[in-house]
Amino acid sequence: MKAPAEGDFTSRLRSAAVAARVGLWLGVCVAIAFVTGLISHYAQNIDHPIPFPTSPSWGYRVTQGLHVTTGTAAVPLLLVKLWTVYPRLFARPPRRLGPLLVEVLSRGSIGVLVATMVFQLASGLANSAQWYPWAFSFRTTHYAIAWIVVGSLVVHIAVKLPIIRGALGADVDDTTFDRPEATRPGVLSRRGLLRSTWVATGVAVLLTAGSTVPFLRRVSVFGVRSGEGPQGIPINKSAAAAKVAPAALSASYRLVVGYDGREVTLSRSDLLALEQREEELPIACVEGWSASGRWSGVRLRDLLDLVDAPAGRDVTVTSLQEKGPYRVTHLQGNFADDDRTLLALGLDDETLALDHGYPARLIAPNRPGVLQTKWVARLEVDA
Amino acid sequence: MIRVRAGLGALGVLVGGYGAWVLLTRQDQDQLIGAATWLAAGVVLHDFVLAPLVLLLLALGARVLPRQVRAPAVVGLVVLGTATLLAVPVLGRFGERPDNATLLDRDYTAGWLVVAGLTLVGVTVGTWISRSRHRTTDDLDGGERGPGAGGR
Chain U
1 MKAPAEGDFT
11 SRLRSAAVAA
21 RVGLWLGVCV
31 AIAFVTGLIS
41 HYAQNIDHPI
51 PFPTSPSWGY
61 RVTQGLHVTT
71 GTAAVPLLLV
81 KLWTVYPRLF
91 ARPPRRLGPL
101 LVEVLSRGSI
111 GVLVATMVFQ
121 LASGLANSAQ
131 WYPWAFSFRT
141 THYAIAWIVV
151 GSLVVHIAVK
161 LPIIRGALGA
171 DVDDTTFDRP
181 EATRPGVLSR
191 RGLLRSTWVA
201 TGVAVLLTAG
211 STVPFLRRVS
221 VFGVRSGEGP
231 QGIPINKSAA
241 AAKVAPAALS
251 ASYRLVVGYD
261 GREVTLSRSD
271 LLALEQREEE
281 LPIACVEGWS
291 ASGRWSGVRL
301 RDLLDLVDAP
311 AGRDVTVTSL
321 QEKGPYRVTH
331 LQGNFADDDR
341 TLLALGLDDE
351 TLALDHGYPA
361 RLIAPNRPGV
371 LQTKWVARLE
381 VDA
Chain S
1 MIRVRAGLGA
11 LGVLVGGYGA
21 WVLLTRQDQD
31 QLIGAATWLA
41 AGVVLHDFVL
51 APLVLLLLAL
61 GARVLPRQVR
71 APAVVGLVVL
81 GTATLLAVPV
91 LGRFGERPDN
101 ATLLDRDYTA
111 GWLVVAGLTL
121 VGVTVGTWIS
131 RSRHRTTDDL
141 DGGERGPGAG
151 GR
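Chains as they are written, first to last, in UniProt numbering: chain U, 1 to 383; chain S, 1 to 152.
Since the hints were made in silico from the structure, they are not lab data.
Using N, Cα and C, we set each Cβ at its ideal position, and we do this for glycine too.
There are no misleading hints in this set.
Covered, in the sense of this in silico footprint (three residues per stretch, anywhere, with C-beta under 8 Å from a C-beta of chain S), are these stretches of chain U:
id : stretch
1  : 76-85
2  : 119-130
3  : 139-152
4  : 199-209
5  : 214-225
6  : 236-244
Label pairs and their calculated CB-CB ranges:
id : chain 1 : residue 1 : chain 2 : residue 2 : range
7  : S       : Ala40     : U       : Tyr42     : 28 to 38 Å
8  : U       : Asp349    : S       : Arg26     : 38 to 48 Å
9  : U       : Gly202    : S       : Arg26     : 34 to 44 Å
10 : S       : Leu120    : U       : Val219    : 13 to 23 Å
11 : U       : Ile157    : S       : Arg93     : 36 to 46 Å
12 : U       : Ser269    : S       : Glu96     : 29 to 39 Å
13 : S       : Val64     : U       : Val28     : 30 to 40 Å
14 : S       : Ile129    : U       : Ile157    : 32 to 42 Å
15 : U       : Arg96     : S       : Arg63     : 35 to 45 Å
16 : U       : Arg88     : S       : Arg63     : 18 to 28 Å
So the derived list for chain U, only partly shown, Cβ under 7 Å to chain S, looks like this:
id : residue
17 : Val114
18 : Ala115
19 : Phe136
20 : Val155
21 : Val187
22 : Ser196
Given these sequences and hints, build the entire structure.
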């Protein structure tokens, strides 16, 4: 079979007019996903030169929900965008050195852009469904490639700026920027194709966003979570997976709070004897799902006061689980001191379920779910 | 304009360069090979599998579908095709874990069938509307001539 040439693609739908319009919304999605991704990456860092805010408590829920939603919306947009410019893949390179060099640079930047965009969307979608068929570190790679996406997108916009401005400034049926061969009317009009794209994008969002938007739960048939779970909240890592059940259910469980050589040891009944507070706080996971719960337990600051820990100190939180990247987490001083941060013992007027971190778990406002450590064994205030 | 473009281009190279540096310096070689494989596979799968497949479908549609069905069918293809691609991780249930019943806790196949059914209803209604509207209009020919169609 002969390789196609650019001129073989004659539909007038494959035009700069359509590409620029779809590309504009794709760019908006990329920008939102990038900014919310940076927020999530920063929130998961141990060091916060600028303290990550503890308010609003639902902040991370919104930013991470937006991150996954805009990434999802980008899938139909990217596919239609690539369809409209597909003939360019087969364009014959110019012969003269100068134009050839420009062409190589332009095509190179587009190659990088397409490879990294597809990578981000595919790896992000797989990750949200907890499917990790790769050898690389997801967080590092997804973060690094996000910068390459944005960088190559900015280069792409710089190269195409006159066409983008011209196409967006003119009517969608304007032919100024069309390829000379692209004259055959399509099955749809250009407006029709654009409307179909917006519909497909909206459908993609509706079918998935229920994992984080409660009123869409019934509509989102492709949501990774229905929102159901023990005590009305889904779980990410089960007690079985963390292999904590014997230690967590043991009568000899004790929480150790330490600061500067001082230690206080508390059983679960000791914890229940302390003043109990109640807070409505969300669990918002990096995978984009979230759910709000009514947690009860001891204010973390009250526990730190037992060892006379000064305000503003970071706290190292250690779980009963023996392995896993989040066995030990770092709670920054502003989170440790926030009145809403609890060592939760109960959820929704019941004893905390084992899968939610029984005998005690950390729950703090505006914090990524992976850092809301379950089965807490030790709180060590930094010296 | 040329200054703005040059500035944007330089900014893009800088931002992308930072990403490349982070990518290359924070993981070992096996991980980098894994990432490079995924980067290349995405382009190859789109450009040489998915895009030709869509061309083939469009060419096929242009042959077998009556005129008034074509436009609604293309809309249906855009909506259902992208939704299906999006749903691959959940339809395959690759991340399923026996110890966690709250993960992937829907019947995704049934969900897909509902979406496909609704799309079909939409295409049927669309066809019916375009039939009653364009009964006398000489409709425009459609379909993309695929690769190998040759010349103009």
